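**Q** Chain residues, written in single-letter form:
There are 2 protein chains.
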Amino acid sequence: MSANLIVGQSGGCTAVINATLAGVLDQATAEPGVNGIYGMLNGVQGLLDGDVVDLRAQSADTLSRLRATPSAALGSCRFKPDEDQCQRILEVLRRLEIRYFLYIGGNDSADTSSRLGRLAQESGYELCVVGLPKTIDNDLPFTDHCPGYGSVARYLAISTLEAGLDTEAMRRFDPVKIIEVMGRDAGWLAAGAALGKREDADAPHLIYFPERHLEVDRFLDDVQSVYDRLGYVVAVVPERITDPRGQVVARSAEPTFVDAFGHAYFDSPAAYLVQEVQARLNLRARFDKPGTLQRMSMPLASEADLGEAYLCGRAGVTHALRGESGAMVTLVREAGETYRCGTGLAPLDDVANSVKLMPPEFINDQGNFITPSFLEYARPLIGAPLPRYARFERKRVVSAQP
Amino acid sequence: MSANLIVGQSGGCTAVINATLAGVLDQATAEPGVNGIYGMLNGVQGLLDGDVVDLRAQSADTLSRLRATPSAALGSCRFKPDEDQCQRILEVLRRLEIRYFLYIGGNDSADTSSRLGRLAQESGYELCVVGLPKTIDNDLPFTDHCPGYGSVARYLAISTLEAGLDTEAMRRFDPVKIIEVMGRDAGWLAAGAALGKREDADAPHLIYFPERHLEVDRFLDDVQSVYDRLGYVVAVVPERITDPRGQVVARSAEPTFVDAFGHAYFDSPAAYLVQEVQARLNLRARFDKPGTLQRMSMPLASEADLGEAYLCGRAGVTHALRGESGAMVTLVREAGETYRCGTGLAPLDDVANSVKLMPPEFINDQGNFITPSFLEYARPLIGAPLPRYARFERKRVVSAQP
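Residue numbers (the working numbering), protein chains in the order written: chain P, 1 to 402; chain X, 1001 to 1402.
Hints are supplied without guarantee of correctness; some may be wrong.
Claimed, not checked - Cβ pair distances, simulated, as ranges:
no., chain 1, residue 1, chain 2, residue 2, range
1, X, 1198, P, 97, 32 to 40 Å
2, X, 1365, P, 280, 27 to 35 Å
3, X, 1199, P, 97, 52 to 60 Å
4, P, 247, X, 1339, 31 to 39 Å
5, P, 398, X, 1332, 37 to 45 Å
6, X, 1054, P, 64, 28 to 36 Å
7, P, 398, X, 1121, 24 to 32 Å
8, X, 1201, P, 243, 39 to 47 Å
9, P, 398, X, 1354, 32 to 40 Å
Claimed, not checked - Listed next, the stretches of chain X that the computed footprint assigns to chain P, with coverage defined by at least 3 CB atoms under 8 Å from CB atoms of chain P:
no., region
10, 1038 to 1046
11, 1065 to 1075
12, 1153 to 1162
13, 1281 to 1294
I should point out that these hints are in silico values taken from the structure, not numbers from a laboratory. These numbers come from a predicted model, not from an experiment. Built from N, CA and C at the ideal position, the CB exists for glycine as well.
Working from the sequences, and respecting the hints, build out all of it.
**A** This is the structure we're talking about:
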């Protein structure tokens, strides 16, 4: 049997998931022990239909641009194969004489990979399954952080700082802005929006986290209080947050959609909170919801993140060739003053379906901002220093005053 | 009387309005005929209260970073002074011995500047009023384009291309994306989203314009038709668009807010259209609404736009010193193969309260995309070539198929 390798991408896309793929391709190409290098189109969902491409046949021009291309070049999926579908997937893999199965994804993908590996083993098919971490949500356990997170954090840090300058300038007309960011269960992205803040005047002024409840009355008090101090307010809220009764904060508490994994999607909390601010505080408010733009921006990607994503791809191939099946590559932060990060391994089963929330020490007591410990943890992940913007000294010319 | 100069910023902020301010400051500082250089805080609204800063007293560090700082460093306003307020503003100007009044803004600001100039003249106060163009909406007449537009167009071109890669990769789960962009009356920004598209697979696939009605049934047919062809769809809609009955396309046809100029604001058309796509086409859809982020991004700003904004600032001071009152600086595209742009002048009265819509030849017959003439007009405005992203050849490996 040939030692063929297949790689797939799964779950929500990121700016750096193709850098991981590029790492896989570069390492696999350099390994004499690897014959065919294949790609699943749209992950295991495409594999079920035999949607496989030959990655050795792609043009040099395409391959050279892969690392700096956001999104998943192979296509992605959100698909949980059942037992029967897993068996059909294994048939396709056998037909292609695949020995190394690399799957780039988050918790759900780790679960799928783990089940495929177990079923292969049970049927005596020598398949080495290795997971490669990917999620902007930064919520995988056993890894210091997740490839994809640093880039969205950089995007949100810069964008929030910039949106704050807009709100500051428009304070006499539009004094309140709410920025809705991704993150349904964990507040890592919401927290990342603070990474550009240098002084009190800078945005954001308030951050709310899925790990804490948002009480609308408390939120309005917080907004009023910042407004009284600064004359304008930028608040960051996650795409899903519940109130103390456990109800989703939105115009309607009913989900608008439930996906194949049972994840429920709700109407925008920001749209609702803007209404409440206008109606109850009588302050004009607006919201920005960058949506998928936040996870796709290559100009705002973190070079550190791109480099680590690539590193994970290369490490995955090395581990697979060593026969270390059933594991996910992790990022391991080295001790010392200067930030350095290497890779390690964690069992796929332990990663699957588990979520790493923000630790309590990263959220302040009031539950409306991050702590300095979070900044210490996250600053190295967003790469190069952020732009420094000008702010005028606002000392009034006395003779101008009536 | 001293020959003092005052400058203010007004209306919605842009990524380059501070570049115009930097141009004013550089030219004013270089002119021996200018004594004091003052800034209005929050435009004429702040001026009413004597909120004026001495711009010669700002630090060299702040001034050096001004050109690359988005938003309005002096603060902005949306404020239409009445007759009495105009007189009070003139008193403040007299007290400061202002001879040159430079106001950076759009149509409404041109109107305010023009009225102030006329009132000053009537009372024998020698005040030279010059308008400097600024609006992301690109809807000022007499100028080839408006400083601010090229940068948002660049932002939307890159972001839409990237969001398209996301939708393409997620097609088996999330095949429809709607991107809601700014622009209530004119479709220049919606059109700008097309500037990154190189092939049919690239986003956007559909664009709608405030200049045309959006018929929801036709929109759904368009979405279905692109979906049938490509398997995914990215549509760009402006923040306000009406149906053939003249009703705003939104969950509710009632405005959520009406501003000081009588501009009405409505609920998100994208949120509503997403619901319709899901309910009536049974396709999962989501929307991105970058909001103020689109007009604030310095990393995605157009160098051409920044340069032209700066040029307008310098030209404004030169015209003011020549006593050319009651005029707005315009951008004039030079004839020839290579794009070059200089400045001209247009009467403020003619600019005030007038809107330049997209000409019919820039919108296709179906009203759902731009024409090549638009690309020819707009491509030079967005600066450096856009990133080229990789797309794999999707030829299937035959032996993988069941």
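**Q** List, from low to high, the hint numbers that the structure doesn't satisfy.
**A** 2, 3, 4 and 6
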